[in-house]
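Colleague: Sequence:
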Amino acid sequence: MSPSRDWMFQALLAVWLCSSSLLIGAQNDTATQDNITNPAEVTALGAIKQRLIDPFNNLSNWNRGDPCTSKWTGVLCFNTTKDDGYLHVQELQLLRMNLSGSLSPELGRLTYLEILDFMWNSMSGSIPKEIGNITSLKLLLLNGNQLTGPLP
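Residues -26 to -1, 1 to 126 (mature numbering (1 follows the signal peptide of the UniProt record, and there is no 0)) are what the sequence shown spells out, left to right.
If you're looking for bench data, these hints aren't it; they were derived computationally from the structure.
There's no promise every hint is true.
Label pairs and their calculated CB-CB ranges [what the hints assert, rightly or not]: (1) F52 / T122: 12 to 20 Å; (2) L115 / Q24: 20 to 28 Å; (3) G59 / S100: 15 to 23 Å; (4) D57 / P29: 36 to 44 Å; (5) T47 / S98: 18 to 26 Å; (6) S110 / L69: 28 to 36 Å; (7) P124 / N53: 30 to 38 Å; (8) T47 / D8: 22 to 30 Å; (9) T17 / K103: 29 to 37 Å; (10) T47 / G118: 13 to 21 Å.
For every residue, glycine included, the Cβ atom is placed at its ideal position computed from N, Cα and C.
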């Protein structure tokens, strides 16, 4: 190849590599944007928050964006989608947040939940039987509250 053709080939190769990288990056960004939390779990989290009194606004970001992708306080999610195409809440860690109120039966709709932690708050009332529906639950931490009744 002549020097001018060699330079032209290198320039075209550089342009092609840059545009390919941009396209791949755009596809990855789109895939990330498509990952959302299961809508039933988003609704359940909203119902859970409604039953809580949060004097220090620890959960103030629970009304913005998606629970998993916007990193709601105390909400930890699996970092990949499940077979249904959604992200799912894996842990609800609300320990020592000075929360009061009661536990919502909607907790039972967080079907992929492995850890539920409300330790050292001022929760009262009974433990909802719906928590027994969470077959994936490995750790239930409720001590340091004024909860009553049997464990489901």
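Colleague: Now tell me if each hint is right for this structure.
Modeller: Status of each hint after checking the structure:
1. F52 / T122: 12 to 20 Å: violated (32 Å)
2. L115 / Q24: 20 to 28 Å: About 22 Å separates the Cβ atoms of L115 and Q24, which means 20 to 28 Å holds.
3. G59 / S100: 15 to 23 Å: violated (35 Å)
4. D57 / P29: 36 to 44 Å: 40 Å Cβ-Cβ, so the 36 to 44 Å window holds.
5. T47 / S98: 18 to 26 Å: At roughly 22 Å between Cβ atoms, S98 and T47 fall inside 18 to 26 Å, so the hint holds.
6. S110 / L69: 28 to 36 Å: This hint is violated: roughly 20 Å between Cβ atoms.
7. P124 / N53: 30 to 38 Å: For N53 against P124, whose Cβ atoms are near 35 Å apart, the range 30 to 38 Å holds.
8. T47 / D8: 22 to 30 Å: Distance hint for T47, D8 holds at roughly 24 Å.
9. T17 / K103: 29 to 37 Å: violated (19 Å)
10. T47 / G118: 13 to 21 Å: holds (19 Å)
Hint compliance for this structure: hints 1, 3, 6 and 9 are not met, and every other hint is.
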